[in-house]
Structure formats: structure tokens, C-alpha cells
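Participant: Given next are the chains, with one letter for each unit.
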Amino acid sequence: MTETLIPMIGVITDIRLDTPDVKTFRVVGRDGKKCFSHLPGQCAMLSVPGIGEAMFSITSSPTNKDYMEFSIKKCGCLTDWLHAMEVGQEILIRGPYGNHFPVESELKQKNLLFIAGGIGLAPLRSVINYCRDNRNDYGVLDIVYGSRSKDDLVDYREILEEWTADERTRVHLTIDRPQDGWDGHVGFVPDFVRELAFDTDKTVLLCGPPIMIKFTLQKLLEMGFAKTQIYTTMELRMKCGVGKCGRCNIGSKYVCKDGPVFRFDELDELPDEY
Amino acid sequence: MRKLSSDRMSELFERLDSLCPLYLPGEKDGAVSFVRYEQGVDYAVGALNTVRSAKDFFFPQVENIAAFRMTGKKIEILENQNGNEPFVVFGVRACDAASFSLLDQVFLSEPVDPYYRDRREAGTVITVACGEPDTSCFCTAFGIDPAEPKGDISVWLTDGFLYWQPRTDKGENLTENLTDILEECDGGEIKSYQDTIKTIANQLPLANLNLSYWENTDEKEIFASPVWDEIYKGCLGCGLCTFVCPTCQCYDVRDFDCGETVRKFRCWDSCMYSDFTRMAHGNPRKTQKERFRQRFMHKLKYFPENNGGLVSCVGCGRCVRSCPQGLNIVKTARRVSDD
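Residue numbers (the numbering used here), protein chains in the order written: chain A, 1 to 274; chain B, 1001 to 1339.
Just so you know, not all the hints are guaranteed correct.
Subject to a maximum C-alpha distance of 30 Å in a straight line, what follows is the list of computed DSS-like cross-link-like pairs (lysine-lysine) [said to hold, decoys possible]:
| no. | chain 1 | residue 1 | chain 2 | residue 2 |
| --- | --- | --- | --- | --- |
| 1 | A | Lys-202 | A | Lys-219 |
| 2 | A | Lys-65 | B | Lys-1073 |
| 3 | A | Lys-214 | B | Lys-1150 |
| 4 | A | Lys-257 | A | Lys-74 |
| 5 | A | Lys-34 | B | Lys-1074 |
| 6 | A | Lys-219 | B | Lys-1286 |
| 7 | B | Lys-1191 | B | Lys-1220 |
| 8 | A | Lys-150 | A | Lys-202 |
| 9 | B | Lys-1286 | A | Lys-214 |
| 10 | A | Lys-74 | A | Lys-150 |
| 11 | A | Lys-202 | A | Lys-74 |
| 12 | B | Lys-1150 | B | Lys-1331 |
| 13 | A | Lys-74 | B | Lys-1073 |
| 14 | A | Lys-34 | A | Lys-214 |
| 15 | B | Lys-1286 | A | Lys-73 |
| 16 | B | Lys-1220 | A | Lys-33 |
| 17 | A | Lys-202 | A | Lys-214 |
| 18 | B | Lys-1074 | A | Lys-74 |
| 19 | B | Lys-1220 | A | Lys-214 |
| 20 | A | Lys-219 | B | Lys-1220 |
| 21 | A | Lys-65 | B | Lys-1074 |
| 22 | A | Lys-214 | A | Lys-110 |
| 23 | A | Lys-33 | B | Lys-1286 |
| 24 | A | Lys-73 | B | Lys-1073 |
| 25 | A | Lys-110 | A | Lys-202 |
| 26 | A | Lys-257 | B | Lys-1220 |
| 27 | A | Lys-257 | A | Lys-150 |
| 28 | A | Lys-227 | B | Lys-1220 |
| 29 | A | Lys-34 | B | Lys-1073 |
| 30 | A | Lys-73 | A | Lys-257 |
| 31 | A | Lys-73 | B | Lys-1074 |
| 32 | B | Lys-1191 | A | Lys-257 |
| 33 | A | Lys-34 | A | Lys-74 |
| 34 | A | Lys-33 | A | Lys-74 |
| 35 | A | Lys-74 | A | Lys-108 |
| 36 | B | Lys-1286 | A | Lys-227 |
| 37 | B | Lys-1028 | A | Lys-257 |
| 38 | A | Lys-74 | B | Lys-1286 |
It is worth saying that the hints were derived from the structure and are not from the lab.
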């Protein structure tokens, strides 16, 4: 990689409206092939000339060799623009950046507990589908996923139709407030995790809004999980993606380069500034 | 070592500029900065330091890195031509020369920054020893010797002579083109000049800056120091310290819409600004306290942790001289370590 800041051209080949404010975009290179290979948890810089550039986690699994997907919530300048795009639009893409979830080492043969809140499912979906595609390498997969309402659950159809089809995968959905047509669990993710009373032999992958991460971590520790068993993925403002522009650091670590995936015992070593 | 009579300096500059573009300190409107050499103009080679550091030569304040054209749904990436013609910069001080090694740690580590690398390769640095260090100088606190500046060529300007010592292949190559005007001499001639510099440097009020607390204390403990709650209060968040600092290297990458095309450029940025870390969902450094703390934690703690103990300061004294509120790295380092 010589021209680290120079992107390549990607083409949007599919746009799926997941929730009122989340769309999933499918991207390939101009040659119709996947832009680059990546590992679960890694990110890419997406940009539109004149609008802006930002880091997004790659939602699709590396086992998908045909294209990449990004689930993106509409929440700012660039994401507003992306949400207004039509299929066939070209954008700019560079990456992959950062480390990844240790799917080929620490997570192998483990029972995994995925806990996601809202758009926090985006980076975990990559790992979940990686594990599903290498099913014999992993134990039981428990997926706890919560959002504000039924309509805000990202990838709802994939979850219902595909994830629940596997015997050794258990999906636990929750929404914040009661809603017509919802007979599932109602309540916040941290309390739900506690209610589900998981065995502490599991390795946890946790992602969601900062407040949800904070309280879920607290519950997990109360339940007897150790910080060395819990992984999360961080997000801070980034410009370069290679640890040089100087803004995404937590203490001496750069989220773009040393992260975005951290284990909670590693985060404990760093100043509390994220 | 070689030397040249001081009254023939303009002849030397003329020759250097004929080989490739020459930059050297010049005074304009009362401020000294690096300027392109022009015949017949008086230069401020004796001025202690430029207002801005010499980092511009390798890491310019603004540089274009690409351009795009958008037509309907299509994007075209236009080639960007960054010329990297050889150049010479004369009059860099020991502190700024040392700052280049720190910038190298960032930009030449993998993945290498190609823009910085190309400029670094194109430039030949001629340093000048500091005959009269300022009271705001403290380079010796970082093991920098103002009497023995690094660079491709070191120069000493004594009464009557310019002494010239090449240090690298680049410096030797340049010197080969100048053997007719630079006569060989014995290095011993500058000994007493160097001794005088050392005597002055050791007596400077800030040179005794002691960073052992910073070296030996856990980053979380320093981060949590109650001193930060007080010391940042004068900070205006103007970013002047980061602007003049030779080791500050944080940058932004932005687009500029030129109408026909969109230009992608890189420019200096500052951790002292409120939008430096601001995101759609909030800002991890909400007040000036966090931003102020970040700057000094980075220079004195985080950077050394990532770079084999090297502190990201060269004691040039620019922040000491420039801060409108009289805040600076020495004051901060001392307050936090209760020194």
C-alpha cells in the first residue's frame, strides 16, 4: 500500500432499507469484483468527493467473496448523502483498516455470546456470518440483539430466516418498549442479558451505543464473566486510518490501527477517554 | 571540515541556488521565516529561529493529494502531480533538525507516507549551530546539542568564517560541487566557539527540565492528575502552539469543491480544536481540559510509549515565545510532575 490516502472507485450494486434510518449498501469495484479482502471486524473508509469521508465497519463476512456490505445509519452529512444514493452510484473506498476479532485464534471452538444494540449489530454481523460459514469451528452461538422498536432491528429478515435455522444458534431479540404485533421480549439489553443467565464459559462480543456497552459490561461482570472474556469494537473520529493523523487515540493506542477491536482488560490499561 | 570567509557567503548561496532551489531564513515585516533565495537580498541567517518551524519543507501546511471529477453517478480520479524537485534548506537549527527524526518516526513507519518520504528524499538540510541561544530555548533537555547540530551538513558561523561539515552522503555530494569555494581546514578551529555555546546552553533557565516523573509514572495516573483541572483554564484553544510546533503532525484530510473538480487535500490540524474529535454521536474530548491534556500527554507520554522512549519535543521554545496566555510545555510538564 503506497498511496495510503488515495481511494479506489466502488460501485453501489444494491441498497436495502433495513430500518427507517439504516440502509445496507452493497459495494463492488468497477470490475464487478470485491474491492479487497478483509477480516471480521475490520473497517473501510467510504467517501463521496466534496461531501466527506468516514470510517465504517464492514458488515458482510469475509467468507463472502463477491462483494462487501455496509449497514449505515443516517446521522450526519456523509451518511445523509449515502442514504440519498441510487443503485449504480460510484463512491470512493479504501481499506481494510484496523485489527479484527480473533476468529482464527481465541474465538475458535468457543461458545460465543454476541450482544448488540441498534446499529451495533453492523460489525458483529460480519463475525456472526463468518462463524456460520465455518460452523464446525465454533460452539453454540447466542445472539442477543435489541433496538428501540421492532422496526429498528437491522437485518431482521436474515435473523429470522437464516440465523434461527441452525440448531446451535440461538437468537434473543428485545425491543425497548411494547409495540403492537411484537410478542417477543421487551426491555433494555443489559437487563435482558442478566435475565437470560448465560453460562460464564462463553466468550462475549459486545457492540452498541456507549451507554449500552457500559451497563451491559457491568451486568456481565456481576454475572461472573471476566474482562478477558469480553471483546468490543470502538469508534472514534478518523481521517487517515493508519495511525498518523493523530485523532483517534485512546491513550497511546490508535483505534484505527491498534483497534477497533479491544478486549476489556486491554481497555482497562488505557485512560478512560472514549 | 571546510571553511569560507564570511564576506563570501552570498557567493555560496548563489552557487547553492544554481544547483537547486535554496531556502534560507529571511526577515519580512519583522518576522523571520524560510524564504526562497534571491540575489541581492539580505538574509537573516544569524537570526536564532524562524517563527514557524522548518516542518513545512517535508510536511507542508496544505498539500493536494488527489482530485476527482463527478459526472452523474460516475467518479473519475484525476492524477495528482506533486513535484518533488531537489531543494536545499540552509539555516535549520539543531532543534528543528531533531524534529525531522521525530516526524520520520510517524511518517516513515509502515505504512510509509509517500508525500513526506518524497520530500524528505528531495531535500538537503544544512543546519547552523546556535551562537546565541535564547532564554526560551531548552533543546539540551532532550539531549540535543546546539553546538553540534545534525542534518546533512552542519555549519558554524563564527566571526570571520563559515565552517562547513558534511554528515551524510547527500551532504558529501553537495559539498563536491563546492570544493572550489570551500577550502579545507582543521576542525579544531571551531572548538572554542562550540565551548561558548555549551556554556550558554547549560545556563538557560528552562534547560534543566526534568521529565523523570513522566518517564516513570503510569499513563493512567498522569491522565487522572487533578492538576489538569486547573492548568488548562488559561488555554484559548487557538492552536498557535500546534501551528508553530516542529513536532506537531496531526493532520486533516478534506475536500475542496473547485466547481469542475473536487480537490482532496491534506492540511495541518490541531488537537486543541473542539471539532478535532467531534463525531455525529458526540465528542470524547468535550472541553478544553481534555484537549489540552491530550496535547501534552501525547508529546510526553503516548509518543514515547510508541517510539522507544522518544519525547515529542525538541525544546525549540516556540510555544514558550508564542502562547498568548503564557502556557507552554515546560510549565505544564513541571506543574503536573509537581517539580
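Participant: Decide, hint by hint, whether the structure agrees.
Facilitator: Here's how the hints hold up against the structure:
For the suggested pair A/Lys-202 and A/Lys-219, the alpha carbons sit about 14 Å apart, so the restraint of at most 30 Å is met. For the hint linking A/Lys-65 to B/Lys-1073, the alpha-carbon distance of about 25 Å falls within 30 Å, and the restraint holds. Between A/Lys-214 and B/Lys-1150 the alpha-carbon distance is near 50 Å, which puts this suggested pair outside the 30 Å criterion. For the suggested pair A/Lys-257 and A/Lys-74, the alpha carbons sit about 25 Å apart, so the restraint of at most 30 Å is met.
Among the hinted pairs, A/Lys-34 with B/Lys-1074 is consistent with the structure: their alpha-carbon atoms are about 18 Å apart, no more than 30 Å. Simply put, A/Lys-219 and B/Lys-1286 have alpha-carbon atoms about 27 Å apart, close enough for the 30 Å limit, and the pair holds. About 46 Å separates the Cα atoms of B/Lys-1191 and B/Lys-1220, which puts this hinted pair outside 30 Å; it is violated. Between A/Lys-150 and A/Lys-202, the direct Cα distance comes to roughly 27 Å. Compliance with the 30 Å bound is thereby established for this hinted pair.
Taking the CA atoms of B/Lys-1286 and A/Lys-214, the gap is about 19 Å. The hint holds against a cut of 30 Å. Simply put, A/Lys-74 and A/Lys-150 have alpha-carbon atoms about 18 Å apart, close enough for the 30 Å limit, and the pair holds. Taking the CA atoms of A/Lys-202 and A/Lys-74, the gap is near 33 Å; set against the 30 Å cutoff, the hint is violated. Under the criterion of a C-alpha separation no larger than 30 Å, the hint pairing B/Lys-1150 with B/Lys-1331 is consistent with the structure, at around 27 Å.
With a C-alpha separation of about 20 Å, the suggested pairing of A/Lys-74 with B/Lys-1073 holds against the 30 Å cut-off. At roughly 36 Å between alpha-carbon atoms, A/Lys-34 and A/Lys-214 are farther apart than 30 Å, so this suggested pair is violated. Between B/Lys-1286 and A/Lys-73 the CA atoms are separated by roughly 23 Å; this keeps the pair inside 30 Å, and the hint holds. Distance check on the hinted pair: B/Lys-1220 and A/Lys-33 sit about 46 Å apart at the alpha-carbon level, beyond 30 Å; violated.
With a C-alpha separation of about 19 Å, the suggested pairing of A/Lys-202 with A/Lys-214 holds against the 30 Å cut-off. At most 30 Å may separate the alpha-carbon atoms for a hinted pair to count; B/Lys-1074 and A/Lys-74 meet this at roughly 23 Å. Restraint check for B/Lys-1220 and A/Lys-214: the C-alpha separation of about 19 Å stays at or below 30 Å, so the hint holds. Taking the CA atoms of A/Lys-219 and B/Lys-1220, the gap is near 25 Å; set against the 30 Å cutoff, the hint holds.
Distance restraint check for A/Lys-65 and B/Lys-1074: the Cα-Cα separation of roughly 24 Å lies within the 30 Å cut-off, and the hinted pair is therefore satisfied. Taking the CA atoms of A/Lys-214 and A/Lys-110, the gap is near 24 Å; set against the 30 Å cutoff, the hint holds. Between the alpha carbons of A/Lys-33 and B/Lys-1286 the distance comes to roughly 42 Å, so the proposed pair goes past 30 Å and is violated. Restraint check for A/Lys-73 and B/Lys-1073: satisfied, since their Cα atoms lie roughly 22 Å apart, inside the 30 Å limit.
Only pairs whose Cα atoms come within 30 Å are accepted, and A/Lys-110 paired with A/Lys-202 is accepted, the gap being roughly 7 Å. For the suggested pair A/Lys-257 and B/Lys-1220, the alpha carbons sit about 21 Å apart, so the restraint of at most 30 Å is met. For the given pair, A/Lys-257 sits about 35 Å from A/Lys-150 by alpha-carbon distance, which is inconsistent with the 30 Å threshold. Straight-line distance between C-alpha atoms of A/Lys-227 and B/Lys-1220 comes to about 18 Å, which keeps the hinted pair within the 30 Å bound.
For the hint pairing A/Lys-34 with B/Lys-1073, the CA-to-CA distance comes to about 19 Å; that is within 30 Å, so the pair holds. Taking the CA atoms of A/Lys-73 and A/Lys-257, the gap is near 23 Å; set against the 30 Å cutoff, the hint holds. Restraint check for A/Lys-73 and B/Lys-1074: satisfied, since their Cα atoms lie roughly 24 Å apart, inside the 30 Å limit. At roughly 48 Å between alpha-carbon atoms, B/Lys-1191 and A/Lys-257 are farther apart than 30 Å, so this suggested pair is violated.
The straight-line distance between the Cα atoms of A/Lys-34 and A/Lys-74 is roughly 24 Å, inside the 30 Å bound, and the hint therefore holds. As the CA atoms of A/Lys-33 and A/Lys-74 are separated by approximately 27 Å, the hinted pair is consistent with the 30 Å bound. Taking the CA atoms of A/Lys-74 and A/Lys-108, the gap is about 34 Å. The hint is violated against a cut of 30 Å. Only pairs whose Cα atoms come within 30 Å are accepted, and B/Lys-1286 paired with A/Lys-227 is accepted, the gap being roughly 27 Å.
Between B/Lys-1028 and A/Lys-257 the CA atoms are separated by roughly 43 Å; this puts the pair beyond 30 Å, and the hint is violated. Restraint check for A/Lys-74 and B/Lys-1286: satisfied, since their Cα atoms lie roughly 23 Å apart, inside the 30 Å limit.
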